[in-house]
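These protein sequence lines are chains A and B, in that order.
Residues -4 to 282, numbered by my numbering, are exactly what the first sequence covers, in order.
Residues 32 to 365, numbered by my numbering, are exactly what the second sequence covers, in order.
Bear in mind the hints are in silico, worked out from the structure with no lab data behind them.
Certain hints may be false.
Straight-line alpha carbon distances no greater than 20 Å define the calculated EDC-like cross-link-like pairs of lysine to aspartate or glutamate that follow [stated by the list, open to error]:
1) B:K174 / A:E256
2) A:K28 / A:E169
3) A:K114 / A:E210
4) B:K256 / B:D239
5) A:K157 / A:E210
6) B:K174 / A:E259
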Amino acid sequence: MQTFLSIGTDALAYGMVLFVISIGLSVTMGLMKVVNLAHGAFAMIGGYIASYATRDLGLPYGLGVLAAVAGTVLIAVPLERFLYRRIYGAPQLTQVLMTIGITFVIIGLANFALGPTLKTVPLPEALQGPVNLGFRAIAAHKLFAIACGILVAGALWVLVEKTGFGIRLRASVEDAAMAAALGVRTRIVYAVSFALAVALAAFGGVVGAELLPIEPYYALRYMVTFLVVVSVGGAGSIPGALLACLLLGAVETTGRYYMPEFGEFFFYLAVIVIVCLFPRGLLGRAE
Amino acid sequence: MSALDLSPPLPQRRGAPMARDFVLLGAILAVGAIGYVLFPNNLALFTRIIALMLLVLSLDLVTGFCGIATLGQATLFGAGAYAAGIAASRYGITEPLAMLGIGAAGGALAGAISSAVILRGHGLAQLVLSIAIVQLAHEAANKASAITGGSDGLSGIAPAALFGLFPFDLWGRTAFFLGLGVLVAVVFVLRQLVRSPFGMLCRGIKEDPVRIRAMGASVYPTLLKMYVVSGAVAGLGGGLSAVSTRVVGLDSLSFGLSAEALVMLVLGGTGNLVGALLGTLVVVWFEDLVSAINPFHWLTLEGVLLVAVVLFAPRGLTGIAGQLRRRLGGRRSS
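If we strip away everything but chain A, and leave its shape as in the complex, we get (with noise of 0.2 Å):
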């Protein structure tokens, strides 16, 4: 009963890290049908400020977490303005080509920049140390991912569902060239999920920087694993990204607890089982 609690909280806190990083990836993939391999790379980017702000300017965490989302989405901005917005619509293979690319153009400036070392961001006192839940004691930055996980799922439901830029982001979704018509300034659209895509992922790599350490080559260890997340789950769906990442986070968490020597076999196990049974992944839409 105690190994399935542990594994229980470790597989929530991992799954909702994951949730935070590609749900913006799926946002973008399901409205501009673009094939983001860069997408971890903003995540790391997010973690080299955050702990750049906190480590060497002493900023307190909250405010390093705010300075990591601004910068990174700073970053990306242009870069969807030059290079992404040249691949819309473009077969999936240059997609996968050009980002590729991107990423290892930061991999590559980032290491030169900022060194092959491993970069912490120190947590504040409040997320430190254990927390008692009674049954058992967990670590307090568990919980706050934990936390963030949910919270951001929630603000991502009602942004969606209940404003007015949800209903134009989604008849954007529906069909793009029809909503242009009815005077929904897609281009805006796209640009501003594309920014809000960023800004998840910036703060994702952040607040999960204790589970997926902050180093040049993050953005291509986990490049594949967002990339599978998204489409277990269906480009598009918070739902289905969220389910994606409550069940390979709890298949590899389980893994890792009964049998580490096997790595992340059962993770792309499960991700074969599920894309064969469901192309679309667990939510998607049909087209």
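Keeping the supplied structure of chain A fixed, place chain B upon it in accordance with the hints.
Coordinates of chain B only, in the frame set by chain A:
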């Protein structure tokens, strides 16, 4: 050719491609000879380039000719490398040509198995399935360290002398000539294959699978066959790398190698086999030069190159060459 060329085009066309094949084979041999004379200390690098060329050629067969998006082609290369390596180190099959044959068979088998999964998906699902397969194979090889050597790599591969006459020397001469011979043979066979009705059918499937099905041809078995051929070619490359380097590492079965093969193919140009050769040569050679200074500089440069190719030269180096030739030809006739 003059503008008033009224000779019947068909027989000429029938003869011309064969002649061009021999020009291509001659060019490969010439480049090999130049490399051998000018850089006698770099033969190990050249052999590695040849092994990777086989991998990229195999990728061109499925991606360039059949339109299958895959980021898992290294599965087939690694399967060939491990098949040849295990045959040599565990079962004492050290005859180099036999090792290559076992590598090709291992690659073909891996192609048949993995295509059964990859061909189930389309678009994004296909891409993700191919990635999942290479990761799965990587973890399996890592776990089965009793057979594969795990993360230490598979060592103890000691190939016998080629034809019993040419032992594998320290400078890698024998391995280089063996590789060059294999490459020439493979390119010749593949050039015939892609021109055959089977090759044309594959191109047709890439253009419009629905129409091909409506014409009465079967799509899935054709793609499966091409995948087996592709696996054999990649497996030959893996076998060659096992014979020449005498070790097989987990990196020969990785997502990274798959992605790199795709980069080489696209840089060279897809769907004409020449691009695969050219792209591999250029990328690996530059990588070797730049990495000697700093491996991260190479990563940055490769990334910039990739973005530039996607934006400005989507058909790769061979596309640029074709454009230049057409422009020059146009000027001459006007």
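We went through each hint and held it up to the structure:
1. Taking the CA atoms of B:K174 and A:E256, the gap is near 7 Å; set against the 20 Å cutoff, the hint holds.
2. Between the alpha carbons of A:K28 and A:E169 the distance comes to roughly 12 Å, so the proposed pair stays at or under 20 Å and holds.
3. For the suggested pair A:K114 and A:E210, the alpha carbons sit about 6 Å apart, so the restraint of at most 20 Å is met.
4. Taking the CA atoms of B:K256 and B:D239, the gap is about 18 Å. The hint holds against a cut of 20 Å.
5. For a cut-off of 20 Å, the pair hint linking A:K157 to A:E210 is broken: about 38 Å separates their Cα positions.
6. Our distance criterion of 20 Å between C-alpha atoms is met by B:K174 and A:E259, whose separation comes to about 11 Å.
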